[in-house]
Amino acid sequence: MNQYFAQLAQDNASGTFLDSAVNIVVFVFAAFVVVAFAVVSVVLNHHWVSHGVTVKQIKLFRKVYFGIAALLLAGMSAGIAVYLIA
Amino acid sequence: MIQLHENEKIVLQKRRHWYAIVAESFMLAVAAIALATLFFAALVSPAIRTMLDAYLGLVLFVLATWLLLLWMVFFVLFTNYYLDVLIITNKRLIDIEQHGLFTRDLVEVRLDKVQDIKVKVFGVLASLLDFGDLHIQTAGSSREVVVHRIAHPQQVREVISKYHNKIIK
Numbered sequence: 001m002n003q004y005f006a007q008l009a010q011d012n013a014s015g016t017f018l019d020s021a022v023n024i025v026v027f028v029f030a031a032f033v034v035v036a037f038a039v040v041s042v043v044l045n046h047h048w049v050s051h052g053v054t055v056k057q058i059k060l061f062r063k064v065y066f067g068i069a070a071l072l073l074a075g076m077s078a079g080i081a082v083y084l085i086a
Numbered sequence: 001m002i003q004l005h006e007n008e009k010i011v012l013q014k015r016r017h018w019y020a021i022v023a024e025s026f027m028l029a030v031a032a033i034a035l036a037t038l039f040f041a042a043l044v045s046p047a048i049r050t051m052l053d054a055y056l057g058l059v060l061f062v063l064a065t066w067l068l069l070l071w072m073v074f075f076v077l078f079t080n081y082y083l084d085v086l087i088i089t090n091k092r093l094i095d096i097e098q099h100g101l102f103t104r105d106l107v108e109v110r111l112d113k114v115q116d117i118k119v120k121v122f123g124v125l126a127s128l129l130d131f132g133d134l135h136i137q138t139a140g141s142s143r144e145v146v147v148h149r150i151a152h153p154q155q156v157r158e159v160i161s162k163y164h165n166k167i168i169k
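For the protein sequence lines, the chains are A and B, in the order given. Quick note, in the working numbering, the first sequence goes up one by one and the last residue is 86. Quick note, in the working numbering, the second sequence goes up one by one and the last residue is 169.
If you're looking for bench data, these hints aren't it; they were derived computationally from the structure. Keep in mind the model is a prediction, meaning the values are calculated, not measured. C-beta: ideal position from N, C-alpha, C; glycine also. Treat the hints with care, as some may be off.
Claimed, not checked - If you want a taste of the chain A side facing chain B, the calculated C-beta under 8 Å gives, among others:
| id | residue |
| --- | --- |
| 1 | 35 |
| 2 | 37 |
| 3 | 43 |
| 4 | 68 |
Using the sequences and the hints given, assemble the complete structure.
So, in structure tokens, the structure goes:
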């Protein structure tokens, strides 16, 4: 534990503490969003399947919803990758 | 979705007017466009671009995450809109209302129990686009069924009246 705080103090002194903190916040937030997306997707899909939406419409909803979401998830991943490489 | 009785057929199925979903998602669109505009303005402006270069990845991450959250909220609103439906059969009317992700109300009224139907169209937009609130007084325990912002309320009222009259004759 002391070693951990010593490392934090060292990071703080060298100015990398803020970067580490931002990294942690970014990863925790990204994980939260991905989990929320998974939960909402499962619930929405359940509603479409169980409440009388026709098969053709369900396919259309899935294409639109998951298509755009995949683009945005790719954008998130690209953002993290660029941030970490930079 | 619903089990029809013997000799029962669906005569009309109505959702809320499309204006309802447009009005509900208006603020989402504003929030999405505002942040996207800021992002692209930052990319175009050399001064801000230099400042943001080090954090371009972070900015892209925030923008994509923000848009993903708005996209999810929009689809929840859209699903609520799509699953809210008034079904009129030749024997009864069924009002299904989806509230959020986990609450769903279903009111079923036999057409012979309908006592009074009131249509309320208020405002310029409602008059132009032909939508309004439908109040159906019943003799049942639910007393009044209210369907907000339904498309073509007069047509719905006429269909209910027609089948109500057929039943009580």
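Hints, one by one, checked against the model:
Given the 8 Å rule on beta carbons, the hint for residue 35 (chain A) is violated: about 12 Å separates it from the nearest Cβ of chain B. Interface restraint check: residue 37 (chain A) against chain B, minimum CB-CB distance 6 Å, threshold 8 Å, status holds. At about 5 Å, the closest approach between the beta carbon of residue 43 (chain A) and any beta carbon in chain B falls short of 8 Å, and the interface hint on this residue holds. Annotation: residue 68 (chain A) was flagged as interfacial toward chain B, and the flag holds, the nearest CB pair being 6 Å apart, inside 8 Å.
Hint 1 alone, counting from the list given before, is not met by this structure.
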